[in-house]
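*Asks:* Sequence:
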Amino acid sequence: MTEITCIARMAHKVGESAVWDAERGHLLWCDIMEPAIYALDIKSGERQRWGFDDPVGSFGLTVSGKLVVALGYDVHIFDRDTEDLSHLAKVETNPGTARLNDGKVGPDGAFWVGSMTPPDSPSVAALYRVTADGKVERKIEGLATSNGLAWSPDGRIMYHSDSRAAWVDRWDFDAATGTISNRQRFRTLSDGEGRPDGAATDSAGNYWSCGVSAGCLNCLAPNGGLLARIPVPVPRPTMPCFGGSDLKTLYFTSLSSNLSDEVKARYPLSGSVFSMPVEIAGAPVPRFAD
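Residues 1 to 290 (my numbering) make up the sequence shown, in order.
No lab work stands behind these hints, which were simulated from the structure alone. Mixed in with the good hints there might be a few duds.
Claimed, not checked - Calculated cross-link-like contacts (lysine-lysine; reagent style PhoX-like; alpha-carbon spacing at most 20 Å):
1) LYS43 / LYS248
2) LYS90 / LYS135
3) LYS264 / LYS13
4) LYS139 / LYS90
What the hints assert, rightly or not - Derived Cβ-Cβ restraints for the label pairs, each shown as a range:
5) SER86 / ALA265: 39 to 47 Å
6) THR2 / GLU92: 36 to 44 Å
7) ALA289 / ARG138: 37 to 45 Å
8) CYS6 / LEU227: 20 to 28 Å
Glycine is no exception: its CB is placed at the ideal position from the N, C-alpha and C atoms.
Use the sequences and the hints to build the structure in full.
*Replies:* Structure below.
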């Protein structure tokens, strides 16, 4: 059995966007609807919190040590030390879009962030590429809930999912230009298998996906085959990331929103943050080129 440890007992409505900061030895994550970003010093156990006015869809690290943050429909740069928040870009989403959602910094140094639509609404969400000069490019259309962004270790493949449609696609990726091409269906996952939520890749090129509908982590090989399905202590895991000094710890967030009182009583750690050891180190995530 895989040893899974609760490292931050929380009751987050929608815990998300786990990010490892190797320079500070911090694990960061957010509660989208609180809305707030948290940082945990892994060695000391000290915890920090920063609150915001709009939903925190996702965020990433920047070269300068700041955060690039999706708030509502906008992308900002946030300085953790001064708490200065500066507006970078307005994402012109399609009518009917709820807000920005999953995002991650790509090998091109840009912030890739998707949007989402409300339940039972038309699939009008999209995936966007945001650069340090505030330019926004629309890259993929016709999504319900954009999710699951991750790149292969060599930066030549981009993975992206729609967690409501329950598929994961792979694209050829050009890190020099941020161009994507040759879209292919990588894997479709049922509710029982675990619809794909947030994701991360390891140094062997395997794709780790939080199965938000099945209380599990799915590890998929580069050819899409299932290598492992790992049960976790909560029914709704949301976002993994690799961290620790050797990138051999996998951290993941979870949610408690829309769970019945009975389910919450059965899974009292819902909304908490967890860690587990892994044999293969993670692929480092790039920083936003600010």
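*Asks:* Holds or violated: 39 to 47 Å for the Cβ distance of SER86 and ALA265?
*Replies:* holds (43 Å)
*Asks:* Is the Cα-Cα distance between LYS43 and LYS248 20 Å or less?
*Replies:* holds (16 Å)
*Asks:* Does the structure keep LYS264 and LYS13 at a Cα separation of 20 Å or less?
*Replies:* With Cα atoms ~12 Å apart, LYS264 and LYS13 stay inside 20 Å; holds.
*Asks:* Quick check: does the Cβ-Cβ distance between ALA289 and ARG138 fall within 37 to 45 Å?
*Replies:* Violated, since ALA289 and ARG138 (Cβ atoms, about 20 Å apart) do not stay within the stated range.
*Asks:* Verify the proposed pairing of LYS139 with LYS90, using a straight-line Cα cut of 20 Å.
*Replies:* Holds. LYS139 to LYS90 sits at ~16 Å (cutoff 20 Å).
*Asks:* Is the straight-line distance between the alpha-carbon of LYS90 and that of LYS135 20 Å or less?
*Replies:* Judged against 20 Å, a Cα distance of about 9 Å means the pair holds.
*Asks:* Can you let me know if the beta-carbon spacing of CYS6 and LEU227 is within 20 to 28 Å?
*Replies:* Once the Cβ atoms are compared, 25 Å apart, the range 20 to 28 Å for LEU227 and CYS6 holds.
*Asks:* Hint says 36 to 44 Å; check whether the CB-CB distance for THR2 and GLU92 agrees.
*Replies:* holds (43 Å)
In this structure, the one hint that does not hold is number 7.
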